[in-house]
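Trainee: Letter by letter, the chains look like this.
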Amino acid sequence: MKNKVKKDKKNISRREALKKTGKYAVATAVGTFIILNPKQSQATSPPDPGW
Amino acid sequence: MTPDHIVKYYNEHAIVWFKELNQFVIVNKQDAKNQEQIDGLKAKVSNVNTACYEVSNSSELLIKHKSFNYRNIYKVNGKLIALYYESEDLQTLINPKFDHLNVESSSIEQVSYYVYWQDKKIVLADRNKLLFQYYRDQLHELSGKISMLILNAAYNRHEKDWLAVFHASFVSIGNKGVLIIGDSGSGKSTAAAVLMANGMNVIADDFVPFNLNQRVNFFPAATSIKESADQELTVLFPELSSSIIYKSSSKEINVKYLKPSEEVYNSEFEISAVISIMYDPAIDFELNELNRNDFLSQIIPDTWSSPVTQNVNTFLDWIIQVPAYRLNYSNNDKLLKGITNLLDNE
Chain A
1 MKNKVKKDKK NISRREALKK TGKYAVATAV GTFIILNPKQ SQATSPPDPG W
Chain B
1 MTPDHIVKYY NEHAIVWFKE LNQFVIVNKQ DAKNQEQIDG LKAKVSNVNT ACYEVSNSSE
61 LLIKHKSFNY RNIYKVNGKL IALYYESEDL QTLINPKFDH LNVESSSIEQ VSYYVYWQDK
121 KIVLADRNKL LFQYYRDQLH ELSGKISMLI LNAAYNRHEK DWLAVFHASF VSIGNKGVLI
181 IGDSGSGKST AAAVLMANGM NVIADDFVPF NLNQRVNFFP AATSIKESAD QELTVLFPEL
241 SSSIIYKSSS KEINVKYLKP SEEVYNSEFE ISAVISIMYD PAIDFELNEL NRNDFLSQII
301 PDTWSSPVTQ NVNTFLDWII QVPAYRLNYS NNDKLLKGIT NLLDNE
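Protein chains in written order, with our numbering: chain A, 1 to 51; chain B, 1 to 346.
Keep in mind the hints are simulated off the structure, nothing from the lab.
Where is the CB? At the ideal position from N, CA and C, for every residue including glycine.
Check the hints yourself; a few may be wrong.
Claimed, not checked - Here are some chain B residues the structure puts well away from chain A; computed CB gaps all over 10 Å: (1) LEU139; (2) SER143; (3) LEU212; (4) TRP318; (5) TYR325.
Claimed, not checked - So these bits of chain B aren't anywhere near chain A, every CB distance computed over 12 Å: (6) ILE122; (7) ARG136; (8) ASP137; (9) GLU239; (10) LEU240; (11) SER306.
Stated by the list, open to error - Just some of the chain B residues that point at chain A, by a computed CB distance under 10 Å: (12) ALA197; (13) SER305; (14) VAL308; (15) THR309.
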């Protein structure tokens, strides 16, 4: 069972997924899982306050 | 009883949503076949963040003790919405992209919201109660929540009446279009503006509401154009050259706003494809299919999705099969042709 879990690198690229999610993402890869958190609240691009 | 999770299968994978955590997990298909495996998966997954700060009961509503000298009244889908600000700084955060919706100040609003400072936090309230409070580093959420309130007022709906809000641009021809996603600075808004100049409609930019019918609704916020894209776009939109510049001191970028070409509150739009866009001066035009896992990993963390179980079910049905592409481009003509072809073929 453990051997099977370690394999899947082809389709789920951890590094790439994490890289792409950007600064707002809270994504973590655990073994062969990819955890994806949607935003818990609606958001826009950050308005710039200039303060 | 509603289930505590939802599983959908695609290709050799499964995507699992856990209600309690409001999290999605991508896993190999064979690892999500039975309840035992799902329970095991849930045990390994822990909730990482809650981004929104709900108001504690002890916070007092201060709107009667504050003076709100800055006000905007917006007309959206025939409804008048007023936003009252304690200071000009706060008004400048929100108003620029809705400025074109302002109506004369003698109008009487149907809905009012108040924005003010309290204990180093920005409070968003209605007439009767505090709704949310935000720290200085959560301005994107303050702006997002105000957009949501404007959206709900415009369509007479509630938060549960939406599947998702995408941080993206949506451009259409007729009743279908493409959802353009990409990291900040990837050129989403610029691409949308280029397509708009060539006859396509920008239905929503930056804040794309996705309804229960798996369709996009129009959102009236203006498209923000950063200075770097301004010169190129001024040729396409002469009005940009005379529009107000909003200076942004921290990033040293000037921003201008381009209002939607028409208001289309009575239609809804099908998403024919999602395009992950990247402006790349070295590439003329390159459109490739996007791996589903890469797609999901990119779009979900950048999206507010409804936590209502039935909505998640509908959302997942859509997201595991919608055509998804990666686009690198620098040639505007090819961009237009490519998107038009994509819409014709769908």
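Trainee: Now tell me if each hint is right for this structure.
Mentor: Here is what the structure says about each hint:
1. With a least beta-carbon separation of about 5 Å from chain A, B:LEU139 fails to lie farther than 10 Å from that chain, contradicting its non-interface assignment.
2. Listed as a non-interface residue, B:SER143 fails to keep its Cβ farther than 10 Å from every Cβ of chain A; the least gap is roughly 4 Å.
3. No Cβ of chain A approaches the Cβ of B:LEU212 within 10 Å, the least distance being about 16 Å, so the stated non-interface status holds.
4. Distance to chain A confirms B:TRP318 as a non-interface residue, since its nearest Cβ pair spans about 14 Å, more than 10 Å.
5. Distance to chain A confirms B:TYR325 as a non-interface residue, since its nearest Cβ pair spans about 15 Å, more than 10 Å.
6. With a least CB separation of 10 Å from chain A, B:ILE122 falls inside the 12 Å interface cut-off, contrary to its annotation.
7. Listed as outside the interface, B:ARG136 is inconsistent with that label: its C-beta sits roughly 8 Å from the nearest C-beta of chain A, within the 12 Å cut-off.
8. Residue placement check: B:ASP137 does not keep its beta carbon more than 12 Å from all beta carbons of chain A (closest about 9 Å).
9. In this structure B:GLU239 is separated from chain A by more than 12 Å, as the shortest Cβ-Cβ distance comes to about 22 Å.
10. The beta carbon of B:LEU240 sits about 18 Å from the closest Cβ of chain A, which is more than 12 Å, so the claim that it is off the interface holds.
11. Non-interface call for B:SER306 relative to chain A: violated, since the shortest CB-CB distance, roughly 9 Å, does not exceed 12 Å.
12. At a threshold of 10 Å, the smallest CB-CB gap from B:ALA197 to chain A is about 21 Å, leaving the interface hint violated.
13. With a cut of 10 Å, the hint placing B:SER305 at the interface with chain A holds, because the nearest CB-to-CB distance is about 4 Å.
14. At its closest, the beta carbon of B:VAL308 sits 13 Å from a beta carbon of chain A; the interface hint therefore is violated under the 10 Å criterion.
15. Given the 10 Å rule on beta carbons, the hint for B:THR309 is violated: about 14 Å separates it from the nearest Cβ of chain A.
When each numbered hint is compared with the structure, violations occur for hints 1, 2, 6, 7, 8, 11, 12, 14 and 15.
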